[in-house]
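Chains A and B are the protein sequences, given in the same order. Quick note: the first sequence uses the working numbering, first residue 1, plus one each step. Quick note: the second sequence uses the working numbering, first residue 1, plus one each step.
Incorrect hints may appear among the rest.
[Claimed, not checked] Here are some of the chain A residues that sit facing chain B, going by a computed Cβ distance under 7 angstroms:
id, residue
1, Y39
2, E42
3, I105
4, S107
5, A115
6, L116
7, T118
8, S145
9, L147
Simulated from the structure, these hints should not be mistaken for lab results. Think of the CB as a built atom: it goes at the ideal place given N, C-alpha and C, for glycine as much as any other residue.
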Amino acid sequence: MSVTTERKEPVFSAHQITRHYQMGDVLIQALRGVDLELYRGEFVVLLGASGSGKSTLLNILGGLDTASCGELRYGNTVLSQADDKALTRYRREQVGFVFQFYNLIPSLTALENVALVTDISSNPMSPHEALAMVDLTERSGHFPSQLSGGEQQRVAIARAIAKKPRVLLCDEPTGALDSKTGSKVMAVLHQINQQLGTTTLVITHNEAIAAMADRVIRLKDGQIVDIQHNPAPKSASELSW
Amino acid sequence: MQALQQKLWRDLLAMKGQILAIAAVIGAGVMVLFLAVTTLDMLERAQQRFYQQAHFGDVFVDLTRAPEHLIPHLQRLPGVQQVQSSVRAPVRLEVAGFEAPIRGLMLSLPEQGLPRLNQLVLLHGHFPAEANEVAITEPFANAHQLQPGDTITAVIQGRLQRLQVSAIVLSPEFIYQLGPADLLPDYQRFGVLWMPRQALAHAFQMDGAFNHLSVSLQRGANPMPVLDALDLVLAPYGSRGSYLRAEQASHRFLTEELEQLSVMAWVLPLLFLGVAAFLLNVLIGRLVRNQLQQIAVLKAFGYSHSALLLHYLQLACVIVVLGVITGIGLGLWAATGLAELYAAYFHFPEMELRVQLRHLALALLVALLAAMVGVFSVLQQVARLQPAAAMRPAVPPQFHQGLAEQLLLRPWLGQLNRIIVRNLLRYPGRSLLSVLGIALSSALLLVGSFQFHALHALLDIQYRHILQMDTQLMLTEASPERVLAEIRAEPGVLAAEAFRMVPVRLHHQRTSYRTVLQGLEARPQLRQLLDQELTPIELPAEGLVLTRYLADYLGLKPGDSVQAELMEGANRLVELPLAAVVDEPVGVSGYMERRALNRLLQEGPAISGVWLLTDPLKRTELQQRLQQRPKIAGISQMADIEQQLRNYIADTLLGMMAILLLMAGSITFAVIYNNARIALAERSRELATLRVLGFERYQVGWVLAGEVLLLTLLAIPLGWLLGTGFAWSLQQALTMDLFRLPFVLEPASFALAALGVLVATVLSLSLMLRRFQQLDMISALKTE
Numbered sequence: 001m002s003v004t005t006e007r008k009e010p011v012f013s014a015h016q017i018t019r020h021y022q023m024g025d026v027l028i029q030a031l032r033g034v035d036l037e038l039y040r041g042e043f044v045v046l047l048g049a050s051g052s053g054k055s056t057l058l059n060i061l062g063g064l065d066t067a068s069c070g071e072l073r074y075g076n077t078v079l080s081q082a083d084d085k086a087l088t089r090y091r092r093e094q095v096g097f098v099f100q101f102y103n104l105i106p107s108l109t110a111l112e113n114v115a116l117v118t119d120i121s122s123n124p125m126s127p128h129e130a131l132a133m134v135d136l137t138e139r140s141g142h143f144p145s146q147l148s149g150g151e152q153q154r155v156a157i158a159r160a161i162a163k164k165p166r167v168l169l170c171d172e173p174t175g176a177l178d179s180k181t182g183s184k185v186m187a188v189l190h191q192i193n194q195q196l197g198t199t200t201l202v203i204t205h206n207e208a209i210a211a212m213a214d215r216v217i218r219l220k221d222g223q224i225v226d227i228q229h230n231p232a233p234k235s236a237s238e239l240s241w
Numbered sequence: 001m002q003a004l005q006q007k008l009w010r011d012l013l014a015m016k017g018q019i020l021a022i023a024a025v026i027g028a029g030v031m032v033l034f035l036a037v038t039t040l041d042m043l044e045r046a047q048q049r050f051y052q053q054a055h056f057g058d059v060f061v062d063l064t065r066a067p068e069h070l071i072p073h074l075q076r077l078p079g080v081q082q083v084q085s086s087v088r089a090p091v092r093l094e095v096a097g098f099e100a101p102i103r104g105l106m107l108s109l110p111e112q113g114l115p116r117l118n119q120l121v122l123l124h125g126h127f128p129a130e131a132n133e134v135a136i137t138e139p140f141a142n143a144h145q146l147q148p149g150d151t152i153t154a155v156i157q158g159r160l161q162r163l164q165v166s167a168i169v170l171s172p173e174f175i176y177q178l179g180p181a182d183l184l185p186d187y188q189r190f191g192v193l194w195m196p197r198q199a200l201a202h203a204f205q206m207d208g209a210f211n212h213l214s215v216s217l218q219r220g221a222n223p224m225p226v227l228d229a230l231d232l233v234l235a236p237y238g239s240r241g242s243y244l245r246a247e248q249a250s251h252r253f254l255t256e257e258l259e260q261l262s263v264m265a266w267v268l269p270l271l272f273l274g275v276a277a278f279l280l281n282v283l284i285g286r287l288v289r290n291q292l293q294q295i296a297v298l299k300a301f302g303y304s305h306s307a308l309l310l311h312y313l314q315l316a317c318v319i320v321v322l323g324v325i326t327g328i329g330l331g332l333w334a335a336t337g338l339a340e341l342y343a344a345y346f347h348f349p350e351m352e353l354r355v356q357l358r359h360l361a362l363a364l365l366v367a368l369l370a371a372m373v374g375v376f377s378v379l380q381q382v383a384r385l386q387p388a389a390a391m392r393p394a395v396p397p398q399f400h401q402g403l404a405e406q407l408l409l410r411p412w413l414g415q416l417n418r419i420i421v422r423n424l425l426r427y428p429g430r431s432l433l434s435v436l437g438i439a440l441s442s443a444l445l446l447v448g449s450f451q452f453h454a455l456h457a458l459l460d461i462q463y464r465h466i467l468q469m470d471t472q473l474m475l476t477e478a479s480p481e482r483v484l485a486e487i488r489a490e491p492g493v494l495a496a497e498a499f500r501m502v503p504v505r506l507h508h509q510r511t512s513y514r515t516v517l518q519g520l521e522a523r524p525q526l527r528q529l530l531d532q533e534l535t536p537i538e539l540p541a542e543g544l545v546l547t548r549y550l551a552d553y554l555g556l557k558p559g560d561s562v563q564a565e566l567m568e569g570a571n572r573l574v575e576l577p578l579a580a581v582v583d584e585p586v587g588v589s590g591y592m593e594r595r596a597l598n599r600l601l602q603e604g605p606a607i608s609g610v611w612l613l614t615d616p617l618k619r620t621e622l623q624q625r626l627q628q629r630p631k632i633a634g635i636s637q638m639a640d641i642e643q644q645l646r647n648y649i650a651d652t653l654l655g656m657m658a659i660l661l662l663m664a665g666s667i668t669f670a671v672i673y674n675n676a677r678i679a680l681a682e683r684s685r686e687l688a689t690l691r692v693l694g695f696e697r698y699q700v701g702w703v704l705a706g707e708v709l710l711l712t713l714l715a716i717p718l719g720w721l722l723g724t725g726f727a728w729s730l731q732q733a734l735t736m737d738l739f740r741l742p743f744v745l746e747p748a749s750f751a752l753a754a755l756g757v758l759v760a761t762v763l764s765l766s767l768m769l770r771r772f773q774q775l776d777m778i779s780a781l782k783t784e
């Protein structure tokens with residue numbers, strides 16, 4: 001199943017992506033021929049049950065993993081054939097990641113966690129600016145252990161956007177948070193998508209979040225089963241969890 | 001418990017690298033412990049057995065000549081158990097096929113039966129019965145491949161005499177067979193022989209008389225009154241003062257060796273097992289931290305505290321047992337080698353290396369104890385754990401911006417270096433102990449290298465600065481000065497200088513010391529007296545100069561007065577001012593201007609020996625001519641002696657250095673490898689995050705390697721400091737009568753100390769980075 005939208009150029013185009021793992025004696029088919037295009041500035045939600053292949057897809061899009069078969073293009077670059085060095089450069093320059101468990105460096109303060117990324121990117125915003133965007137200026141000198149879960153996730157978002165990435169990939173960003181904090185985090189993601197025009201892909205179990213998306217893609221057993229266009233996305237504050 | 005056992009083996013298997021590294025450190029400690037106690041036990045048993053079996057004397061007296069009829073009187077002195085008189089005399093020996101001069105000491109054997117004291121152990125042949133038969137010691141026989149029935153030539157009182165070897169023996173008096181004024185045994189150039197008393201006495205005009213007495217004491221008798229009584233009776237007969245076993249040359253060397261072994265038995269194992277305890281603490285501590293949830297689940301299922309404590313204890317015990325087995329194996333192997341080395345220097349009838357159950361138990365116990373110290377705090381943690389508490393996810397590790405970090409962390413440092421420094425500061429105890437562990441091995445390397453260089457520096461001082469002669473001649477007795485003129489006139493002699501040598505006992509306050517007093521020229525050319533800066537000093541016209549070590553021992557400063565009991569001639573007690581001290585690394589002597597000494601002895605300008613500087617081209621012929629002179633008791637070549645000393649150092653010290661190097665390497669490797677492995681395990685998620693954020697492999701590798709490298713770099717200066725301290729202590733500990741190591745630390749030693757740990761660091765890092773290559777970003781991120 002392929003999707004086309006006339007008004008925008010594709011950032012990613014995936015063609016017949018498959019991914020299988022050998023786990024002991026068992027061959028696991030995580031993705032079975034996925035075709036997909038993501039467009040500039042889109043806010044996309046990827047829904048699916050555990051084991052549906054959504055994390056695998058996100059990892060491949062983010063250059064953490066490579067497809068077993070099929071072709072993945074990022075702009076004019078063929079990511080599916082890139083080597084480790086090229087993928088590292090791609091992650092450093094193009095992609096921002098947000099994870100369920102934040103993955104902050106515990107030995108660095110909020111500001112330093114952001115600076116970690118701005119130090120190695122070519123045209124970043126200042127770490128202070130990034131923290132201001134997630135409303136954490138006052139907590140910039142705190143270590144992860146001194147921050148709440150929501151604050152830690154906002155630091156992680158600041159870290160992800162500080163390099164001004166073209167793509168923001170979020171793996172269950174609200175999975176470890178209560179609904180109120182989760183809603184705040186989603187609001188930040190939405191705001192960034194609006195302000196910077198960053199293509200944003202969010203993986204979630206939470207159907208409610210889908211209402212925020214321009215498009216909702218559903219995955220089941222390693223295949224895309226449904227794509228919905230949402231002509232009037234809601235804002236995070238309008239969501240009911 | 002079956003399942004828990006399974007878990008034990010799986011855990012062990014998963015940590016095999018670290019376990020082996022720790023076991024190696026335990027092994028190194030146990031090896032030294034086992035080596036030292038086994039060897040100590042071997043030597044002590046051999047010594048006791050030989051002393052008992054041969055009835056080794058307790059008190060000895062050298063004298064000029066005393067009539068045999070004194071013996072029944074001496075026998076009745078209170079406290080005396082047994083006395084044995086004998087005649088002993090220096091002789092010169094010639095063995096067919098050996099060109100160099102051989103000095104000999106000929107001792108008498110009773111005409112009938114065995115001596116009451118200092119009996120010989122017969123190895124081959126029969127005890128001498130005829131006037132021309134002799135017994136010789138085994139090392140001398142081996143050095144010249146002599147067997148019973150072979151003949152040797154002796155120059156006795158200037159008369160050439162052919163002697164037949166009838167027996168190869170060992171004597172408790174010559175377990176360590178050292179020639180007079182020698183530093184090391186030289187079995188080729190010094191021999192000990194026994195012949196029937198009458199023949200020997202006759203040759204030396206000692207019929208019905210003796211010049212040596214051995215005495216054994218009654219059990220529990222106080223030796224001091226016996227010494228006083230002997231001195232009183234024998235003073236008129238030229239007694240040089242009675243002395244105890246502790247001053248008997250062979251016994252003294254053996255005792256010093258045993259003392260060194262017992263120091264080795266506890267110092268090094270202590271260091272190594274301390275490091276092992278620390279490593280176990282870190283390893284099992286991390287294991288428990290990672291398994292808190294498992295522990296909680298097991299407790300929730302109803303496993304008791306003690307079952308779980310036992311589980312982690314067993315883990316530690318397996319490591320200990322591995323280490324102990326390795327250590328005992330290596331120790332046994334090293335002990336076999338050491339026993340061979342000892343057999344070359346100490347001659348016992350039987351010397352048997354025995355593995356004693358109590359030594360095995362000791363090694364195991366000490367290692368277990370160290371392990372218990374190491375894991376105690378960890379086990380407490382296991383015991384205290386509440387099942388519910390452990391089920392909750394762990395909070396992120398706490399970090400604070402402390403004072404240390406404000407000092408260390410500069411803005412330009414960059415985030416990756418910041419991670420390194422913060423991680424080290426977060427566990428300051430662990431970092432400090434790691435630094436200490438690495439510093440310790442660096443220090444061991446420094447000490448090894450120090451020993452090596454110091455011994456060579458000692459030999460350089462002795463043979464380049466102090467002893468400028470190439471040949472030393474000892475005369476059979478004090479002789480007139482014209483002997484010097486005669487020797488000087490020999491072709492091939494470039495320079496000759498005479499000396500007088502007298503045994504003396506020095507007293508100051510309550511301390512006394514037996515040594516020799518040497519009479520030298522006021523400005524000796526062939527034998528320098530040096531001050532601390534190695535500049536020659538001039539002998540004062542009157543007064544005494546002492547080796548600094550001896551002056552310190554007697555508590556004397558220049559200007560103080562010292563009592564000297566001259567053991568030759570009229571045996572007078574004189575009061576002498578201490579004029580100066582000299583810094584000599586070898587031996588302990590007193591010096592005086594030669595004629596001043598002659599005056600003290602109330603004699604003419606007599607000499608005891610001559611030092612020569614000879615023409616190398618004519619040396620052999622000169623030696624042969626000198627050997628024909630009946631007046632000359634012994635000829636020593638300085639170059640031979642020096643070579644022997646250097647060989648000895650190479651034999652003993654290089655082996656020791658290799659062991660030290662190995663052990664230091666094992667500590668560094670274990671400490672660093674463990675640190676790195678733990679860092680990798682604890683922070684795989686952090687490292688994966690960095691990779692995801694777009695850091696290159698080498699940059700993320702640096703976070704791991706930088707931490708380890710920083711520890712090593714911090715450890716190196718500390719290692720230098722510790723090593724300098726160790727070297728100084730060693731130098732103090734090795735300050736003894738025989739020699740004093742100069743305290744010289746070469747740049748090469750510091751370089752070795754640094755290089756050794758750096759190489760070990762790079763090795764363990766390369767192993768660890770291989771593991772890092774396999775780090776799976778995705779799975780590292782998945783886990784909470």
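To see whether the hints hold, each was checked on the structure:
no., hint, result
1, Y39, "violated, 23 angstroms"
2, E42, "violated, 22 angstroms"
3, I105, "holds, 6 angstroms"
4, S107, "holds, 4 angstroms"
5, A115, "holds, 6 angstroms"
6, L116, "holds, 4 angstroms"
7, T118, "violated, 9 angstroms"
8, S145, "holds, 4 angstroms"
9, L147, "violated, 9 angstroms"
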